[in-house]
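Asks: Residue-level listing of the chains:
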Amino acid sequence: MSFTQPKFLLFLAVALAVYFVAPKKVRPYVLLAASYLFYWFSGGALALGAISLTVLSVYAAGLHAGALRRAGAKKAKRRAPLLWCLLLNFGILAALKFSGLAFPKLGTLLIPGISFYTFGAAGYLIDVYRGKVSPERNVLKFALFVSFFPQLIMGPISRYSEVAENLFAGHGWNWERARRGVRRIIWGYFMKLAIADVLAAPVAEIFDNYASYSGAVILAGALFYTFQIYADFAGGINIVLGIGELVGVSLPENFRQPFFARSLTDFWTRWHMSLTRWLRDYLFYPLALSKPLAKLSRAARRVFGQDVGKKIPASAATFAVYIIVGVWHGASLAAFIFGLLNGAIITLSLFCEPLLDTLREKTGIDGSKRGFGAAFAMLRTFIIMLLLRIFARAASASAAFSMLWRSLTDFRLTGLRTTLLGLGLGTWDYLLLAVCIALLIGRDILAARLEGSGESLDTRLNRARPAAQFILTFVVLAFVCYFGLYREGYTATEFIYAQY
Amino acid sequence: MSAKRWFVMLFSAAVLVLLSVAAANFIIDPFGVFGDRAFDWYAFDMTENPRAAKLAYIDAHHDEYDAYLIGPSGTSSLSPEVLNEYTGYSWYNCFNYGADLAYSEALAEYLTQNYEVRALMLTVPYVSACQYDLEPESITDTRHPNITGNAADWLRFLFANPRYSAAKLRDYLSNSYLQEVFDVFVPETGVYDKSSRDVEPIGSMDAYLEAYPVFTHDYPDKFPMTQLEACMDALERIKALCDSRGIELTVLVPPMPESQLNNYFDADLEAFYTRLGEITPYHDFARLAPNEPRYFYDENHYRNNVGEMMLARIYDDSSVYIPGPEEDIDTQLRVLLYHHIVEAGETNADTMLLADFRRDMEAIRDSGYTTVGISDLEAYVNDGVPLPERAVLIRFDDGYLSNYTLAYPVLQEFGFKAVIFAIGVSIGHVTYKDTDTPITPHFSYEQAREMVDSGLVEVQSHTWDMHQVESLDGLDCRRGLLRRENESEDEYVAALSEDFIKSRAGLETGTGQPVTALAYPYGLHDLMSLVVLSRLGVKVTFTTEAGINTLVKGLPQSLYNLSICAISDLT
Amino acid sequence: MEKLLKILKSIHPRADFANETALVDKRILDSLDIIALIGELEETFDVEIGVEYIEPENFNSVDAMAKLLKQLGADL
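Residue numbers (my numbering), protein chains in the order written: chain A, 1 to 500; chain B, 1 to 571; chain C, 1 to 76.
Each hint can be trusted.
Interface residues of chain B toward chain A, partial, derived using beta-carbon atoms under 7 Å:
hint, residue
1, 1
2, 3
3, 6
4, 13
5, 161
Below 20 Å or equal to it, Euclidean Cα-Cα: the simulated EDC-like pairs (lysine to aspartate or glutamate) are:
hint, chain 1, residue 1, chain 2, residue 2
6, A, 132, C, 55
7, A, 369, A, 266
8, A, 74, C, 48
9, C, 6, A, 357
10, A, 291, C, 42
11, A, 310, C, 46
12, C, 9, A, 361
13, B, 539, B, 308
14, B, 539, B, 200
15, C, 26, A, 366
16, C, 26, A, 444
17, A, 310, C, 33
18, A, 75, C, 48
19, A, 291, C, 48
20, A, 75, C, 52
21, A, 369, C, 25
22, A, 132, C, 57
23, B, 539, B, 383
These are computed hints drawn from the structure, not numbers from a lab. Here the structure is a predicted model, which means the values were calculated and not measured. From the three backbone atoms N, C-alpha and C, an ideal C-beta is built for every residue, glycine too.
Kindly generate the complete structure, drawing on both the sequences and the hints.
Replies: Here you go:
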């Protein structure tokens with residue numbers, strides 16, 4: 001079920017109504033039932049079976065790991081059940097993802113969100129193993145953690161410790177929380193309907209038929225895609241977090257004004273935060289601090305010198321992380337290259353740190369400072385990510401290379417305007433789009449400004465003049481209403497009288 | 001703001017959004033459903049949704065009409081004005097594209113129940129037997145709530161996509177004199193505004209098919225008449241309705257081009273006509289001009305001229321020309337262009353030696369060509385009076401005195417006709433307008449009258465003062481009759497009309513001969529100028545483009561924008 | 001303590017380690033910095049800092065880091 005389908009809204013309304021009416025103790029089970037129902041609508045019996053397998057296997061492994069830990073067993077003995085369970089679940093995930101290579105129609109679409117819930121459950125298990133979390137004894141409550149419906153299809157990936165309490169508390173209606181939630185939900189729909197859905201067709205047209213477009217158009221397409229994917233993903237996340245808010249569950253943020261990133265490393269702490277956080281805690285640190293890599297580091301220090309050698313573990317771990325980030329997007333060569341390039345650029349800047357420091361001193365352009373340096377760094381990062389993202393969306397790796405090549409060699413600014421107007425959007429559509437994107441960026445600017453001050457965006461908005469709040473709400477609702485209610489069903493006069 | 005207040009605010013904002021949409025749709029009213037009080041621009045509304053808007057128009061103006069044309073697009077070219085003359089009723093053309101018999105029946109019922117109806121004219125094309133009672137696909141073919149009786153339809157129009165209202169505002173600001181994509185109707189009569197297509201120059205069949213390839217479209221499958229029974233039952237009910245109320249009902253089958261006629265099974269057609277004949281007398285025009293695509297705007301719409309022919313046949317008006325089944329519909333015409341003749345001396349593109357002119361006349365005679373005049377051309381297209389197989393029109397531009405002194409005697413000698421296009425301000429002048437600058441002399445009105453009285457020469461318009469010359473009028477002169485860059489459409493229409501009326505008045509008074517033809521100064525012309533001139537009564541126009549002209553019987557507009565050729569094209 | 005501060009300064013010359021109490025939360029130290037830091041700390045103080053000790057609480061301020069090191073048996 002997609003968030004923008006009317007039947008989802010109906011489902012949500014019913015689920016919430018039942019939730020608030022139910023007694024406190026019953027509410028978590030209402031959420032569980034709703035989650036399973038939602039998943040059944042989204043993926044059928046197969047999906048329910050898969051997620052139940054994960055729930056049961058991780059639940060059991062968690063109890064076992066907890067018991068072993070209490071009994072003081074040795075690391076090796078404790079590690080076995082952990083590894084088997086992870087192997088099982090990640091194995092299923094990998095098999096599904098890579099089967100997409102052999103049978104393009106299958107793949108993760110069959111079991112939507114499998115990546116998200118697998119990572120979420122695995123994180124829990126590793127936390128139990130590390131002693132950070134005590135295992136959940138109630139299998140139904142555990143099932144709710146794994147399958148909580150708002151985050152099931154697109155994340156964020158939560159940590160057990162950060163959501164368990166609220167998830168099982170059965171919080172009732174609270175006006176302040178409800179305001180936060182509804183505000184986020186409306187904003188999320190605004191992003192999805194007014195920006196992401198509008199850009200979908202032109203982006204598809206350019207990426208599917210890149211060979212017939214000039215480099216300028218391809219770059220425009222990449223720019224459109226940047227906004228589309230941001231509006232779609234972050235918009236969806238807003239809806240997810242908003243629903244969570246309504247039932248008193250504070251899910252972790254997944255986006256933090258990504259276009260204000262000053263470096264790629266910085267970017268990935270602002271985009272899909274829950275994934276990079278997961279990878280940092282469960283892959284990057286363990287790998288970078290592992291014995292094998294430490295040995296490699298010592299050997300490298302002998303061969304390449306101190307400076308280079310000591311960076312080996314971090315760079316190897318970095319590559320591992322970003323390759324996973326890449327393949328997360330899809331089990332294709334292009335996605336792999338996407339991850340690889342991110343890893344390569346970050347690793348390169350890691351090794352070139354002394355050189356970059358000198359450059360910063362000589363030119364005075366320093367991304368960490370305010371003013372021109374910051375603007376330069378943000379623009380540079382924006383452009384690099386825009387180009388890399390082509391790999392994430394292109395039909396194939398060779399297509400992505402072609403597109404990049406064309407943007408450099410066949411730029412051709414002439415005829416850009418006519419081409420852009422021939423992609424299905426007219427002048428008025430672009431105008432509306434520009435207004436909506438301006439609103440989006442404005443919101444991000446405000447949020448970025450507030451970051452240091454400690455005041456949340458919500459609080460700031462609540463402080464604003466009522467008239468301003470009303471106008472803003474009216475404008476956003478108007479866009480949501482227009483793009484939500486009237487998406488199809490406009491026949492331009494030229495088409496009514498096509499043969500006149 | 002407290003959270004509770006915020007929710008109140010949210011709710012009010014949502015309500016305000018919905019109210020704004022409703023208000024915009026109600027006030028701007030892009031479909032005319034609410035009476036279009038603010039704009040009264042039914043031409044636009046009807047284009048967006050003819051069913052709803054025409055009904056709204058009739059609701060507001062029903063006391064002006066007492067007879068209605070109903071049916072699908074095949075009804076659009078039947079003129080209420082012509083019908084008014086034949087029948088004495090006040091007709092309105094209430095056709096709707098895509099209307100089936102179910103809708104025609106509903107409309108007939110609605111009109112007869114609510115308003116005074118003395119006569120109905122209904123077209124029943126073959127396709128009516130293929131589809132019946134179609135559901136509206138979008139708001140643009142949703143019917144008016146008054147005829148559906150469905151209250152929910154008011155809400156559908158009230159909350160229609162606001163883009164339609166926005167489009168109406170945008171188009172209102174860009175509205176032009178010419179008919180555009182968004183105002184294709186004439187609200188007062190209900191017909192299509194075909195002012196542009198009714199002046200488009202028509203020539204040879206090949207040229208027309210190239211411009212409109214739809215006529216060569218080959219349909220892979222035929223259309224079975226699956227709804228014949230439903231369609232005819234509805235027709236029977238309409239007939240009964242009219243009989244019971246004493247309403248004159250005329251039923252007709254409209255003309256279709258060959259590409260459409262071939263799409264139906266013979267058995268179906270037989271059943272169609274049999275059943276039709278059982279229910280009511282009817283007029284069958286299906287094969288009026290099947291192989292003549294020039295008689296159609298496109299596959300589903302025959303021309304206004306053809307509509308007039310149909311009405312003439314229905315009401316027994318023999319003054320209107322209708323081509324016979326085996327007749328030759330078209331013929332060719334060549335036009336030769338001359339300007340100034342001299343006995344000796346320098347020649348150029350516009351100045352010819354008398355001896356050479358005489359040689360041209362001999363060539364015409366020896367090649368077996370016959371000269372014709374404007375009245376011959378008009379008789380051909382209007383009444384089907386045949387033209388010679390090898391027809392040539394001798395044309396002189398500007399109206400130089402040499403035409404009278406040197407050329408006219410030669411014409412008399414050969415007994416040849418010619419047409420001279422005179423510049424109004426220069427008639428009878430040897431100097432330029434009211435200056436002292438000498439120019440090549442032009443003949444006077446008396447001299448023109450003499451030539452006209454001989455029956456050989458016609459003197460027609462080359463504008464009054466739109467043939468200006470930079471060296472004499474300055475760089476900012478009016479060179480040709482096109483709209484100037486900083487001239488508004490209204491200013492232009494006024495200027496061109498004033499100029500032509502002056503030119504025509506001068507010539508008609510001076511020569512006693514009607515003026516219906518114009519040659520464009522410098523050959524400059526466009527669609528807008530042609531539409532304006534046609535509305536002033538110009539029937540024939542001449543350009544300076546090269547080509548051999550094809551004239552079509554029954555299509556007076558084939559006389560527009562005639563091209564010229566060289567004497568070598570005749571020999 | 002001075003040794004600790006010297007190591008921190010070598011990673012981020014300009015940060016205010018003396019007073020800052022949210023080094024990780026404010027992202028002054030990112031994951032690469034943490035890895036580099038841990039590498040240096042393990043060598044300098046001869047301790048083993050396992051993955052389970054990488055918590056914001058342990059690295060948010062110089063004092064927190066000193067506390068962690070002492071906990072692991074380092075000689076400050």
